[in-house]
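Residue numbers (my numbering), protein chains in the order written: chain R, 5 to 383; chain W, 9 to 568.
Because the hints were derived from the structure by calculation, they are not lab data.
You may find that some hints are simply not true.
Below 30 Å or equal to it, Euclidean Cα-Cα: the simulated BS3-like pairs (lysine-lysine) are [claimed, not checked]:
1) W:334 x R:349
2) W:207 x R:261
3) W:397 x R:192
4) R:242 x R:367
5) W:473 x R:192
6) W:473 x W:416
7) R:192 x W:507
8) W:416 x W:397
9) R:219 x W:207
10) R:238 x W:473
11) R:309 x W:458
12) R:292 x R:309
13) W:203 x R:118
14) W:207 x R:349
15) W:334 x R:238
16) R:261 x R:145
17) W:446 x R:192
18) R:328 x W:416
19) W:203 x R:261
20) R:126 x W:397
21) W:203 x R:318
22) R:158 x R:131
23) W:207 x R:192
24) R:219 x W:334
Between beta-carbon pairs, the in silico distance windows are [as the list claims (entries may be wrong)]:
25) R:222 x W:430: 35 to 43 Å
26) R:134 x W:457: 40 to 48 Å
27) R:262 x W:512: 48 to 56 Å
28) R:235 x W:315: 55 to 63 Å
29) R:118 x W:331: 36 to 44 Å
30) W:429 x R:235: 30 to 38 Å
31) W:445 x R:222: 56 to 64 Å
32) R:87 x W:430: 50 to 58 Å
Values in this document were obtained by computation on a predicted structure and should not be read as measured data.
For glycine and all other residues, C-beta sits at the position ideal for the given N, C-alpha and C.
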Amino acid sequence: MLTRLQRRGLTGFGLAALAAILTPGAMGRAQTAKSPDEPTRIDGTIVSIRGDILVVRPSLRHKMTRLSFGANTTIMGFAQATPAILKPGARIMAVGPYSEQGGFHPRWIEAAEKPIGYLAAKSDGLKMDENGRARCIGTLKSVSPFVVVADNGKEMPGKLDRMRGVWRVYSEDRNALLIGVRIEAEGKVAPDGVIQAATISPDRNFAKAGAMFGKILAVQGGTVILQPRYTDDKLTVKMAEGCILQRQVTLDPDSVKTGDAITFWAQQRPDDPTHAGDLKAIALLVGKERYPAADSANTVFATGKLLALEPDVKLQRTDGKIFKIIIPAQMPVVNLQTIPLAALKPGTEAMFVLSRNPNGGFKTSAIVLDASPWVGYGG
Amino acid sequence: MPMRTRPALKWRRFAGACLLTMAGGLTAALPASAQGVDVLTFHYDNARLGWNAQETRLTPETVRAGGFGQRWHTDLDGKVTGSPLLVTGLEMAGGKADVVFAGTESDSVYALDAGTGKILWSRRRIAPPLTETQFSGNWFDGPTHGILSTPVIDRAANTLYACGVRARGLRQVFEVFALDIRTGEARPGFPVALKGTYKSGAFEGGQVMQRGALILVNGWVYIPFGGRGDTPPWRGWVMGVDTQHPSAPQRAFCSSPITDGAGIWSGGGLAGGANGDLFAITGNGDYDLDTHGDNAAQSVLRLTTEGDALTFSRQPKDFYTPANHKFLDEQDEDLGGATALLLPDMPDTTTPHLLFTGGKDGLAYLLDRDNLGGLGGETQKFRLFSDPKAVYHEGIRSTSAYFDAGDKGRFIFVAGDQPGPDNALGIAALQLITEAGKPAQLKRVWTLKKAIDGPSSPVVSSNGKAQGVIWVVETANGDDSALRAYDALTGAELYGSDKSPADHLQDGRRFTSPVVANGCVFIGASGVYCYGLKDAAPKAANSGLRPIPASNANLNRKGK
């Protein structure tokens, strides 16, 4: 099933009033900032949160992008819903095919109780693209017949006979932005490439959990009180059943020799077909333990023998297959060790793999002491 | 002031060091041969003043008259992200030449004839540059990441030092290269891979980026480092290599040894005082200097280079931190976007030794070098650029320039990205107000009427204390780059290269600075550009000069 991000990419419609920037090349251009007034969007995974600055690893390229978070930034949450949430008065965006003869057939609808984020953008009617698809933003006048009213009063009728999905849109708080969470964001680009985010949308279909780095303040039974990194906050999280407890021991890269048995936690390179067989390392692991891997994170654990360090780093997997490994900046060389609960001492820095409880609060499925910030869960 | 020639030994010791000897506001004396002014380091001198007071040909009148434009452009194998450097009267095979030097993002170094742009020698890919995937940070859009900073030249030793990066096994390694400026040949003992520790933390090349200009102080070359766009983990570092004994232990200082941050990333790098002190300015990160800690984000730091170490005392007289540093950190409003200007002595005031800088928050900061002031101890600070209500600031991210106009006053020219109070745009001219027995103060006297999109670090040329011209590159993210010149006393625009297609400047680089000397303006961009008075005959190299063979295939040169 398509996620919201994938759907939005396939539809060819970016956020309201944005130029379509859906190809890898176009994404690259957008992120290198052609003009401070030109809005752009990005989708990717949060790898760092410091103050009001988020560092995001884009989905379609490897160069990090920074987002600044301001008082006017809206965090838009999305939840898959049914057409039953479509009520007159809702603020909606509908996307689908259009023709003069057949009219407008929305396939995807995002609906909010009140205008937020890009749903608050002023609308004046259907917007077309060159592929015969249309988008409308406005206030839902009626569901049957389906009629949306633009802000200039223009009515935009449609037929809900080809519907594929409805999404409820709502305001989120900043706790929705965790390291490892995949997001989509849009905003204006500052001259140094920082996107001044107008909206940020976490996509939980990609990463249901994220990572938070912080200091352990106390451990009380199955509960950990932590201070998130770069803040003075206190956060209480419950340890999930079977919670993984590990300590990262960082090793000198020069201690790894050709012939050693190692594991690379790595990304495949869909961005570059000519190097599709290569892996871009996230971390090099010595030993049997692994980082808690994210689902749908497009990462692999490649275990085998280190064949060469120069001129290229090469790994021969146990099945004989040989991979060229790209070693990026910040790649840690580590050994992960299983630790007892008693090792979670106050004052210890750790990475917490978190997910939100349906009724609020967080639970953690893994705690890694002294983890490198680079390996933030989510891949 | 007449040009001076220093004895070779003295040159050897002080090459590239504080070459401005100021006494009561005398004009700047740049290193010069009989053939003209040399530019051996970023912004002309270790004080980073950006002022050449020996420019007799490029005056407001001649630049405005219409005969000024592009002379030549030479494409290289990568963009030139640092400033070019210039040596005049260099003895090379076959004769003497005025030579422009440039390092590229492809880890190459070039020597070009200053008169024609012809490549005299090149050393291509002295190390394999990093690919975008290997680099991984969020700065720069080029396909390769090699030399990103301004090299430095030891004229007495005829040696250029540059810093490049390469992948080596599981590491990324920064190396300092030393090349004979006459031939491009590597000096014995080089390249030197940078390594060192500070407070038990090891320098890790894979965590940092090297954009700041190199600086030579007392025979040591110092190299500053910042992060790769806040991608964790990152640290601010200064590494030092003994040029006479390259295999000797290196000097190392980390501005945030315990946690992330405090990158030293300004394109101008470090400023150097006459006594060998280094001044570094850091960016966002953790801070605990006020509680005797070691994490020095958002601060101006004085490092001493005496003895065998690179030392930071952590005493308030040796650092300055804005009182709102936490806010600045959270907003990513780095103090360290600009390099410090070590202003000439002002003996008639209670603050004879001043330091000026600007922050991404858009504020101008005037500090007392004799006592930097610790937390909140500035001599003066005030807003020049940016709206304090903005979501994200890009107020000042370039190194300012100084100009002593004699009885018309002493000025600092500050380039800013975003409009400031009272519609301040582009460049603001600040006048130093001095009064006996009182601290010096700055007063804004004019700004441009039009914004500059992504200004480089400006420089000033003048004929002594008169005929001052401000030069700056409007980078505009590449395609719309332009060289601009302004009257230093009024801000009136004298020249814009975007007014003539023949003068087009492609891919101006943000962290570079124009080099103005001997009637020419040299700019690092997509290769090297030279502008000058078109009716003035280019100063041709000796006809017997011959290029030194190198792998220079596919390099294009556009003569004007």
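Hint by hint, here is what the structure shows:
At roughly 28 Å between alpha-carbon atoms, residue 334 (chain W) and residue 349 (chain R) fall within 30 Å of each other, so this suggested pair holds. Annotation: proposed proximity of residue 207 (chain W) to residue 261 (chain R) holds, straight-line Cα distance about 28 Å (limit 30 Å). Only pairs whose Cα atoms come within 30 Å are accepted, and residue 397 (chain W) paired with residue 192 (chain R) is accepted, the gap being roughly 16 Å. A distance of roughly 5 Å separates the Cα atoms of residue 242 (chain R) and residue 367 (chain R); the hinted pair therefore holds under the 30 Å criterion.
A distance of roughly 43 Å separates the Cα atoms of residue 473 (chain W) and residue 192 (chain R); the hinted pair therefore is violated under the 30 Å criterion. Between residue 473 (chain W) and residue 416 (chain W) the CA atoms are separated by roughly 9 Å; this keeps the pair inside 30 Å, and the hint holds. Restraint check for residue 192 (chain R) and residue 507 (chain W): satisfied, since their Cα atoms lie roughly 28 Å apart, inside the 30 Å limit. Only pairs whose Cα atoms come within 30 Å are accepted, and residue 416 (chain W) paired with residue 397 (chain W) is rejected, the gap being roughly 36 Å.
Taking the CA atoms of residue 219 (chain R) and residue 207 (chain W), the gap is about 22 Å. The hint holds against a cut of 30 Å. At roughly 60 Å between alpha-carbon atoms, residue 238 (chain R) and residue 473 (chain W) are farther apart than 30 Å, so this suggested pair is violated. As the CA atoms of residue 309 (chain R) and residue 458 (chain W) are separated by approximately 61 Å, the hinted pair breaks the 30 Å bound. A distance of roughly 14 Å separates the Cα atoms of residue 292 (chain R) and residue 309 (chain R); the hinted pair therefore holds under the 30 Å criterion.
Restraint check for residue 203 (chain W) and residue 118 (chain R): not satisfied, since their Cα atoms lie roughly 57 Å apart, outside the 30 Å limit. For the suggested pair residue 207 (chain W) and residue 349 (chain R), the alpha carbons sit about 25 Å apart, so the restraint of at most 30 Å is met. Only pairs whose Cα atoms come within 30 Å are accepted, and residue 334 (chain W) paired with residue 238 (chain R) is accepted, the gap being roughly 19 Å. A threshold of 30 Å between alpha carbons decides the hint, and for residue 261 (chain R) with residue 145 (chain R) the separation of about 68 Å lies outside it, so the pair is violated.
Restraint check for residue 446 (chain W) and residue 192 (chain R): not satisfied, since their Cα atoms lie roughly 45 Å apart, outside the 30 Å limit. A threshold of 30 Å between alpha carbons decides the hint, and for residue 328 (chain R) with residue 416 (chain W) the separation of about 64 Å lies outside it, so the pair is violated. The hinted pair formed by residue 203 (chain W) and residue 261 (chain R) meets the criterion: a straight-line CA distance of about 20 Å does not exceed 30 Å. The straight-line distance between the Cα atoms of residue 126 (chain R) and residue 397 (chain W) is roughly 24 Å, inside the 30 Å bound, and the hint therefore holds.
Note on residue 203 (chain W) and residue 318 (chain R): the hinted pairing holds, with a Cα-Cα distance of about 25 Å set against a maximum of 30 Å. Straight-line distance between C-alpha atoms of residue 158 (chain R) and residue 131 (chain R) comes to about 13 Å, which keeps the hinted pair within the 30 Å bound. Between residue 207 (chain W) and residue 192 (chain R), the direct Cα distance comes to roughly 41 Å. Violation of the 30 Å bound is thereby established for this hinted pair. For the hint linking residue 219 (chain R) to residue 334 (chain W), the alpha-carbon distance of about 19 Å falls within 30 Å, and the restraint holds.
With their beta carbons about 52 Å apart, residue 222 (chain R) and residue 430 (chain W) fall outside the hinted range of 35 to 43 Å. Between residue 134 (chain R) and residue 457 (chain W) the Cβ separation comes to about 41 Å, which falls inside the hinted range of 40 to 48 Å. For residue 262 (chain R) and residue 512 (chain W), the Cβ-Cβ distance of about 51 Å falls inside the hinted range of 48 to 56 Å, so the restraint holds. With their beta carbons about 40 Å apart, residue 235 (chain R) and residue 315 (chain W) fall outside the hinted range of 55 to 63 Å.
For residue 118 (chain R) paired with residue 331 (chain W), a C-beta distance near 40 Å keeps the hint of 36 to 44 Å intact. Checked against the given bound of 30 to 38 Å, the beta carbons of residue 429 (chain W) and residue 235 (chain R), roughly 32 Å apart, stay inside it. Roughly 58 Å separates the CB atoms of residue 445 (chain W) and residue 222 (chain R), a value that falls within the hinted 56 to 64 Å. Between residue 87 (chain R) and residue 430 (chain W) the CB atoms are about 56 Å apart, so this pair conforms to the stated range of 50 to 58 Å.
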